[in-house]
Amino acid sequence: MNRRRQLCTFFLQDLYFGVEVEKVQEVIRYQEMTGIPLAPAVIAGLINLRGQIVTAIDLRRQLELADRQAGRLPMNVVIRRDDGPISLLVDEIGDVVEVEEDSFENPPHTLESRRREFLRGVYKLNDKLLLLLDTEKAVSVAGAHAA
Amino acid sequence: MDPSRTGDEIGSPTDEMDEIVKEFLVESNEGLDRFDRDLLALEKDRLSRELLDSVFRAIHTLKGTGGVLGYEKLVALAHAGESVLSRMRDGTLRLSPEITTVLLAMGDALRRMVGEIAASGKEGDSDYPDLLEKLVAVLNAGRPAAQTTVVQAKVARIEGDVPPRLGDILVTSQACRPDDVEAAAELQREGDARLIGKILVDGGVACAQAVAEGLAVQSDHRDLSSNTIRVDVALLDRVMNLVGELVLARNQVLQFTASQEDSGFLSTAQRLNLITTELQEGVMKTRMQPIGNVWNKLPRIVRDLSVGCGKRVEVQMEGADTELDKTIIEAIKDPLTHIVRNAVDHGIERPEVRTAAGKPPEGHLLLRAYHEGGQVNIEISDDGAGMDTEKLKAKAIAKGLITADQAARMSERELLNLAFAPGLSTARQVSNISGRGVGMDVVKTNIEKIGGTVDLQSTHAKGTLLRIKIPLTLAIIPALIVTSGGERFAIPQVSLIELVRCESEQAGIEDIHGATVYRLRGNLLPLVDLNRELQLASQRNSESVNIVVLQAGERQFGLVVDEINDTEEIVVKPLSKQLKSVACFAGATIMGDGHVALILDVLGLAQMARVLCEVREQSLAEHASGASETAARRESWLLFRIGQSGRMAIPLSLVSRLEEFPASSIERYADREVIQYRGQIMPLVRLSQALGYAGSADSELLQVVVYSANGRSVGLVVDEILDIAEQAADVQHIQQTETLKGAAVIQQRVTDLLDVPALLAGQKLMAAEGARA
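Residue numbers (my numbering), protein chains in the order written: chain A, 1 to 147; chain B, 1001 to 1773.
Only chain A is shown next, with the shape it has when bound in the complex (with noise of 0.2 Å):
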């Protein structure tokens, strides 16, 4: 079986990622936010989108990867979901690529468990590797308290 999707690719630190294009909603720059005092480490704030309050999601935080650096702003890959969509803040965005189905992986045993959680697979494009993210472990917030 040799069938194409359509992924949404981004970049956090050096990882290339990808998301299926029909569950982005949309891709903005960064967006002014609000904090929110006491919420877990993950949850970056909430922004304003077209009178919409979205709360947004430091991909970065959420798999364990360094805080960006000072003064880079994140953009935003909005994530379509039935509850109202959700936010995850990334470093830069691709292009959106078409893979084949049949480059698909699972994920490698290689990588860190707390990372493997949050892939579907990967996909191996001619020079790069591309993770699936699983969007629905991305948005979780797992039993998170105050700080």
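Any given hint could be a false lead.
What the hints assert, rightly or not - Distance condition first, Cα-Cα at most 20 Å in a straight line; then the derived EDC-like pairs of lysine to aspartate or glutamate:
| id | chain 1 | residue 1 | chain 2 | residue 2 |
| --- | --- | --- | --- | --- |
| 1 | B | 1577 | A | 136 |
| 2 | B | 1577 | A | 98 |
| 3 | B | 1580 | A | 98 |
| 4 | B | 1297 | B | 1323 |
| 5 | B | 1577 | A | 82 |
| 6 | B | 1297 | B | 1033 |
| 7 | A | 23 | A | 98 |
| 8 | B | 1391 | A | 136 |
| 9 | B | 1297 | A | 134 |
No lab work stands behind these hints, which were simulated from the structure alone.
Position chain B relative to chain A; hints supplied.
Then chain B, alone, in the frame of chain A:
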């Protein structure tokens, strides 16, 4: 109606459920609600043709549509009920309580089938043979069975429900006899192409004018049904959201206009402003529903309940057309039901008890709703047994919720409010309806969740009144905007009591052992620093302190913020579920400048800051071993110093106020120091002298703890107020004297517990000597 179509042809699993079935479900539920309501009304007003017709139509429509969709069991049951109703329409059967019960049971069975269809697409397995039998028994009561078929045949010929048939209208208005209409209808069936009105007029059995009037009535019905449309609530919610956004955009435009001078633009902006406001009001109205929508279910509940426990209850409603936002209607549905159940189950007595008490045998339950000052008041009152505060007290003590000491000091109102305490039920017998001890506390929590309050008044043997106050709407609320740590926060106006600005830290704010309090007109108000609670960096200018006095449940507290801005109407937006763990925010809103601001959840914040005792109590209870004894003694203590080193505590509940008096205002009366206080002569007791502590300095200002009991006050002069501590005091009777109950470790220090009543009795105050002017 096409009986040849069966359920198998449609055989709709839920995901394929088409529009017709959906509409059928909505209509059926509405119809069954109407059936219940009107049937109960009919029980009171047995001669009302209108009610009987409505009840009949409800079942008839259900049967008709159900038949089209092929729900055979449903049709069979509805048919049996319809036959009974039809006999009532013919006047050959009178409604009796037994018949009402059977018909209501039929309504329930139909509702279950409809529910089953909604869930699984099928009408369920049961065809309710018992119920059918009962209905047939009712139908055949006192008449030969042969006639049944005639009735059925006749019923089957009635087509459609709204608008009513012209013939029916004419019969009801007594313009012609049923037989003539029947004959005319027969002619039509035999092929007469004339309209029924024409046949009747031609036949000379009805006059042309009456027929014209009948037609007008009929077309009124038609107009009514075409004047309203059904709208999906989700769509309304979406429209409401959009209007909320429009309001925000309008606010932004208006801010922009301030810097503009183009008159054309300014007048357009003004117009936009007006239209938006009107649109907002209009959309808000679409979400408003009369409270009657919730109340309508209550008579049925009351009836089932009162029949079940052998009571007679009459329900009266006032202000059923009072409108409330749909979300609020939803939120109060369960609490209301529970309160009404309670009133019937516990409140209203059995007829024989009532008669013995000189009351009418039928209990009276009054539901009242009215608008007052931007809020809606809902009152539920009964003329039942009322609440027995003694019983409440005994129960609360038995359950370890309060100590006997505390109980003795509680006011009537406080005792009544024990009914809202978790785990308390005064019903001697736990019935299947209420009295399991969950309930009133849930009622209170649910109502407070939507920003409402509950107040309970009850007179033993006279009755109980429960008053609920709730805001009109939750979607757009007035709020106070404050700034703290550089962020803006919105505080719902309903929790706001007053704003206090202290010009300097010294003015009444006292920081003792880490707990900050503010003396607000003699009362100690616990202070919560928003910056500290939310771990924000303070940007406060040191001089003045802004205190927002808030009501959280029964308690008040002061919230210290950096800056108090303004009040504004805000559109409340919920927070996503990722943020549910943060208890101190109720939602978020978008400000005029497009920034997002968080809405503070006053109750959550108070609990987090432990201004309310629950949280602290819980954590203490976990530590305490042999919990029940200690748990019962957990209280708030007022700590004070007498002499140089005497550290003492009395339960805060004994303290009515803390006052300061200049030494010069002391007067003497009957060999005793007294002071004029609130129109009374209040005796003073210098504790250091009374208890023999040395080293008390004669200061210019007396620190006085005002103790009140039985309408009298005594001032206890102390040397310094230290703190208020909330904790379990494990009293150790090391050295018990007449005036000391013992000692306890409070805030890690040994503290004497003063026995105030004993002390005053020793001083011959309160017990013997009067202190009144």
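Hints versus structure:
1. B:1577 with A:136: holds, 13 Å
2. B:1577 with A:98: violated, 33 Å
3. B:1580 with A:98: violated, 37 Å
4. B:1297 with B:1323: holds, 17 Å
5. B:1577 with A:82: Answer holds: residue 1577 of chain B to residue 82 of chain A is near 12 Å, not above 20 Å.
6. B:1297 with B:1033: Cα-Cα ~8 Å, so holds.
7. A:23 with A:98: holds, 15 Å
8. B:1391 with A:136: Roughly 54 Å between the alpha carbons, so the hint for residue 1391 of chain B and residue 136 of chain A is violated.
9. B:1297 with A:134: violated, 47 Å
Hints 2, 3, 8, 9 from the earlier list are contradicted by this structure; the remaining hints agree with it.
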